[in-house]
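4 protein chains.
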Amino acid sequence: MSTSTPREAGARIKWVLETHRNEDFVAGAAGLAELSGATVLHGPGLKWGYGKIAEDGHEFGVGKLKVRALTTPGHTDESMSYAVADTRAASDAVLVFSGDALFVGDVGRTDLYGPEETERLARTLYRSIHDKLFPLGDGVTLCASHGGGSVCGGKILDRDLSTLGFERVHNKALHGRDCEAFVAKKKAEKMVRPPYFRRMEVWNLKGSAPLLQRVAPLSPLSLAEFDEHVKAGAVLVDARMPHAFAGGHIAGALNVWLEGFSAYLPWAAAADAKIVLVLPEGADLDLVARTLLRIGYDDVVGYLRGGFETWQDQGRPVARGGTIDTDELRRRLKAGKENLVVVDVRKPDEWDEGSIDGSLKIFVGDLEERIKELPRDRELVAMCSVGHRGGLAASILERHGLRATNYLGGYTAWKKTADNG
Amino acid sequence: MSTSTPREAGARIKWVLETHRNEDFVAGAAGLAELSGATVLHGPGLKWGYGKIAEDGHEFGVGKLKVRALTTPGHTDESMSYAVADTRAASDAVLVFSGDALFVGDVGRTDLYGPEETERLARTLYRSIHDKLFPLGDGVTLCASHGGGSVCGGKILDRDLSTLGFERVHNKALHGRDCEAFVAKKKAEKMVRPPYFRRMEVWNLKGSAPLLQRVAPLSPLSLAEFDEHVKAGAVLVDARMPHAFAGGHIAGALNVWLEGFSAYLPWAAAADAKIVLVLPEGADLDLVARTLLRIGYDDVVGYLRGGFETWQDQGRPVARGGTIDTDELRRRLKAGKENLVVVDVRKPDEWDEGSIDGSLKIFVGDLEERIKELPRDRELVAMCSVGHRGGLAASILERHGLRATNYLGGYTAWKKTADNG
Amino acid sequence: MSTSTPREAGARIKWVLETHRNEDFVAGAAGLAELSGATVLHGPGLKWGYGKIAEDGHEFGVGKLKVRALTTPGHTDESMSYAVADTRAASDAVLVFSGDALFVGDVGRTDLYGPEETERLARTLYRSIHDKLFPLGDGVTLCASHGGGSVCGGKILDRDLSTLGFERVHNKALHGRDCEAFVAKKKAEKMVRPPYFRRMEVWNLKGSAPLLQRVAPLSPLSLAEFDEHVKAGAVLVDARMPHAFAGGHIAGALNVWLEGFSAYLPWAAAADAKIVLVLPEGADLDLVARTLLRIGYDDVVGYLRGGFETWQDQGRPVARGGTIDTDELRRRLKAGKENLVVVDVRKPDEWDEGSIDGSLKIFVGDLEERIKELPRDRELVAMCSVGHRGGLAASILERHGLRATNYLGGYTAWKKTADNG
Amino acid sequence: MSTSTPREAGARIKWVLETHRNEDFVAGAAGLAELSGATVLHGPGLKWGYGKIAEDGHEFGVGKLKVRALTTPGHTDESMSYAVADTRAASDAVLVFSGDALFVGDVGRTDLYGPEETERLARTLYRSIHDKLFPLGDGVTLCASHGGGSVCGGKILDRDLSTLGFERVHNKALHGRDCEAFVAKKKAEKMVRPPYFRRMEVWNLKGSAPLLQRVAPLSPLSLAEFDEHVKAGAVLVDARMPHAFAGGHIAGALNVWLEGFSAYLPWAAAADAKIVLVLPEGADLDLVARTLLRIGYDDVVGYLRGGFETWQDQGRPVARGGTIDTDELRRRLKAGKENLVVVDVRKPDEWDEGSIDGSLKIFVGDLEERIKELPRDRELVAMCSVGHRGGLAASILERHGLRATNYLGGYTAWKKTADNG
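Residue numbers (the numbering used here), protein chains in the order written: chain A, 19 to 439; chain B, 19 to 439; chain C, 19 to 439; chain D, 19 to 439.
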């Protein structure tokens, strides 16, 4: 009458299967192994600091399941997939964990070793997908490492469910392309590579990251403690939505909305920075702490108790940010005489989908190091796809003594109203 | 950073897709429609009391999904499947809701219209699977109506995940069989048909079942109230495990372990019976209430507050049941002179997998009406696969003045020790 | 090893004790009675539409507890208290449910029948507290109807725990006052009376409010549906914090932060208004629906799916609000030549604690009907205690074609910085 | 609109107040201090291995609260109470944490230093209660260390709520007694002292217990692993209810129902024993692990996966226990010729409330060491208050080659039916 969890059913974790040395988050394998006594399996070719190597074709049983390790290089050289059979039904696989080789609607990126290696990796990936994965059969369920929104694949669909057969025919990165066309497409990709990847690569190879089970709870800070940390150089991150930030904030804060932490905070705050937080009401403190550690921040000193209101209710100075809407932006650009520059902070592959004429294109992650390219004598309007990264951009510029208005709605609204009009 | 539920994401329920007039539980469609304002879709050919008919090939969109209705008769004449495409990827289906046509490892039963119709239905089902479902493509994910343990298919595997491609090759009811062989196999099936199916068929056709959102919470009963209901003819159901029941119970109680309610209680208690319960510690009261309504009991008067201990602590008479283990049973049967009969209460298709020599085979659901076949002058040992249904059998016999010992371990233990020995 | 809930322990609800016809929310008694079959008890003197009357001194048992009804008029004429004894220990009371007679740190308001009745009610309340409650004994635990923040008592402390003995000595509304001094204090009280009280009084007397168990889930609305409702006259309520509202909102929206719904929405939106909502991320939809019904809104048509971002991402016009901080306000007021008026929208009893010189005092709830008193030729700064009601005030003014800046920090910040400087 | 937890409200734990070196469980203070950075306060006079000493009268603030330490010896010499004032209301205390000095309905035991010290401790406790606690005022809320069922006070009521004023008048250990009468009552008390107290005393003094945050999850064991541990001498504890145990169990198992773990397992299994478990369905694994560590078991090897059914389904030998009900016991005792002895395993203070004529009185905790006093030539019936400890007793006797029937209902049923008849 009830469905029990694996734990309630008496299951134990015996194996942790790593598909590759991930670079976009702290892998949980070492921590899970400590908690459970499980053995971690990795792909061959790297000097891992923990776990064991699974060679191509290695098989082992887990209850009535049979797992087979497959080397599927391309995203990285040590990338693995794991095919799983339900031996009660057949010795053929029912599902495959494909790591960063094959996603729903896309394939893994092949640019992480640098431009000179991209072609080799792309060619290798093509072979892994066609010669190792697809032969498992059209009816095999695909369990990929990333879903929509990941930085590890440009166009992954936000649908969890797919099969090798469906991807063989409909995957947009593959279909209709022979190996050469595929390689050409991969070489043309413009993907960003967040700076924290470097720390993750080392930690995940050595297993040296702080274990998630040791994450300290986020400390509430009194205003006095908060002041002290900020004075001592901590990076102040305001995690509220850009509207709230524009309505009132502490001067000098970075504005990264909570859902954007993983993808954008590492561009704006150094991996070894001390972090102090201003959180929105109702933020899940444990999720925030875990997310920050997952992307490598191991020196989070705490969050201001009571949030931004504590600040304002003590009569502290309140900074405000500018926002602009579609009508006003369009009107002012149309007038033409305006001293106005749109700074398009989206990612390079988004620019290809269209942009506002005359905009200055600098990805939000590059803004800090390219700050000198921004004209100091003109009014800046930060634009992204909807207004989140625009808010971050505005806060980065504010920290550098520039002032930018955030375009609420961003290119989505621009395009929509252009279509309508 | 968080994953929202469909509700949190602002989704509304607009359609409820019924694959057929289910007979093994109260369908939630009418209740869900009331709560959500959704429209229920049914297959053609029956006089439904609610909802609309979806003709073969009917298509409609749900956001970026496209749903196509397919008539796939065979389990019943009005059986439907629904293929779903993600139009961002392709107009081909990514998944199909196959109702009771195709399961993981098995297909729907075809005996519900009686033996004279089984051949026709089996032939129809074969065509539905091969001509309507499989052509959707090997890479289509299968979403079947039932999982392992259902009374609607004999050998459904307890794995949720499969595809049309995997089932096309590995489904044990299909592979290697042409239509004639398939029909022959289906005609040879021996499946039980619980008596409450009849009530469910009417309710689900008319939409006349009590709505789940109206299920009253289970009432705790004082011992005085409990006595009164039992005296007035309520059926007393003791939901503890057979060991606990054997250790002490109220004379006259039916013993149906909680997890066995759906599958076995309807064989032992009439659909319109008043039910009073003795529950184990920690039983989920809402789940119990919902389960009972789901199988049609709409007159559950409550449960004894404090459970069996309330009874014993008042000094009420305690009945006990006998149990026997493998060693003792084997020894006594071997001795041969024993006045002992094993009553094998498993289902007919389980008997085919082997049984104890000389056992009397009566399915637990038939025990009551075949009670006269049991010898009154011999010692009875009730046996099922492990000892749950054996406990129910023992309690049924006790209510009829017979006395049976429950074989703990059942045929599983018997076979295991035979293999060992 | 576990602590069971009353429900798990087999408890039933047999009585619902009402202390008086509440006016500040929809009473749950009628709904609870429907769900549980319990009997509702009320105080004498009113024509209740449901339940029974408990006369003074009426006693009844609940298991080993003994409950005694006490008439304790003063807040209203039919006000009751209920003293509870644990008969295993003594026949003396261990706790008393004191309704709106006695709170932690304060007593019930006595102005609800109008100024001409206040003296009589205050005198009656004094007698109820001293002659009916305190004689129960110093060691009796106090269970009052309201905690800190309620509109039913001005200075209730936000501590749940107290006793008759502690309040007898330390209650700020009582100690050191004889009956005349108490009456004088009560007559001098300035309390606001939200307009929705009238609807609640009728509903709670008749039991005619929609039952909470029938609250429909909040409907997500597409932008088109949202537009249609707004066009048809629905009141648009934006429940984000004032900072976010200032950063960008839909013109014409009322801004009531979620926690302020109960206390302030009824001042701004008519009881029979159609309500459409713009919610902050992560709002608890069921809590919002329940809260709205609790204060009488029974025509909530839904909320904009995706919140304000849906609006902006479609390129719709974005209104912005002004905010001001302490430094700037002080500087500009000091300059003296400024064309600036502070509108103090706090409650009358808050004004008594101090205010900014020269401010115009209009309680936020009276703003709409006193809109003409506001100068159209000067810049308005809305001020409350911290900046929440100030945000509401600014949104009310904006709806009337006036423009007000919200003072972030409010009188709290003003006083703090005055103290510091 | 929502109630936040202390954590969500930004609270930190700065102090952990210990009232005395507890002996009946592993104190969580050291672990909490590690997690939170808080300081532990203890009473004076012992050489604590962690934390600081709070002298009598020591005061400190926690936000707007003021805490005052009071030495209240008697239960032990270092026993403390802590009075808490809400300075917004008054400097007088609103509540007191009274440790094991004063409970709801009873006072702390005074026999832990041995009979020669009981008089001194009782006299000291009387003074602490009358000279230190009661002077705080009748209106002070009582927060005692233990609730009903604790081994630290004989007759604590299972009501959480009381006050000093209520206890001053109604506490059954105090009222109507001067100091001499109180001392005489305390000297006459017969309380049991579980053997694990010794380990707890050392651990809690030194802070050397395993920290709760390090409790390993309970390991599921395969039958082979289970066999191995049992063979190697682990103590097998079957945590099902006595009825289930009687219906079928593994020979040699101790039967301690889950809720009885804290109070009874330590009497039956040595503090340093390896423990393997057979658990009932639905047992909360984390709660079981935590409970076992709380009473000092730090070598729990795991639980049999699938519970007792795993054992029986492999055809293993099943032991059964006898049960007897009130009618049969009464009938057989009345007949008089029966070869039957009732072994009353309740606690000495329960015997004083009445017992069955001719019963042999041995507390279940003493059964093992007094096993030789049991007649081997007669039939034994184990009796406790309802049948739980009777089940444990029967399992202890079975391990020693004796056979006892468990009286279901126990003295509760016996008395009830005697009253009726």
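Worth double-checking, as some hints may not be accurate.
Same chains, same label: a pair holds when it works inside one copy or across any pair of copies.
To be verified - List of simulated lysine-lysine pairs, BS3-like, C-alpha gap at most 30 Å:
| no. | residue 1 | residue 2 |
| --- | --- | --- |
| 1 | K150 | K190 |
| 2 | K390 | K379 |
| 3 | K203 | K390 |
| 4 | K65 | K224 |
| 5 | K249 | K82 |
| 6 | K434 | K379 |
| 7 | K82 | K434 |
| 8 | K433 | K84 |
| 9 | K249 | K379 |
| 10 | K434 | K150 |
| 11 | K173 | K249 |
| 12 | K190 | K82 |
| 13 | K82 | K433 |
| 14 | K190 | K390 |
| 15 | K173 | K82 |
| 16 | K434 | K32 |
| 17 | K249 | K32 |
| 18 | K249 | K434 |
| 19 | K433 | K352 |
| 20 | K433 | K249 |
| 21 | K82 | K355 |
| 22 | K434 | K84 |
| 23 | K292 | K32 |
| 24 | K203 | K292 |
| 25 | K84 | K32 |
Because the hints were derived from the structure by calculation, they are not lab data. As the structure is a computational prediction, the values presented were derived from the model and not from experiment.
Which hints, by number, does the structure contradict?
3, 9, 10, 11, 14, 21, 24
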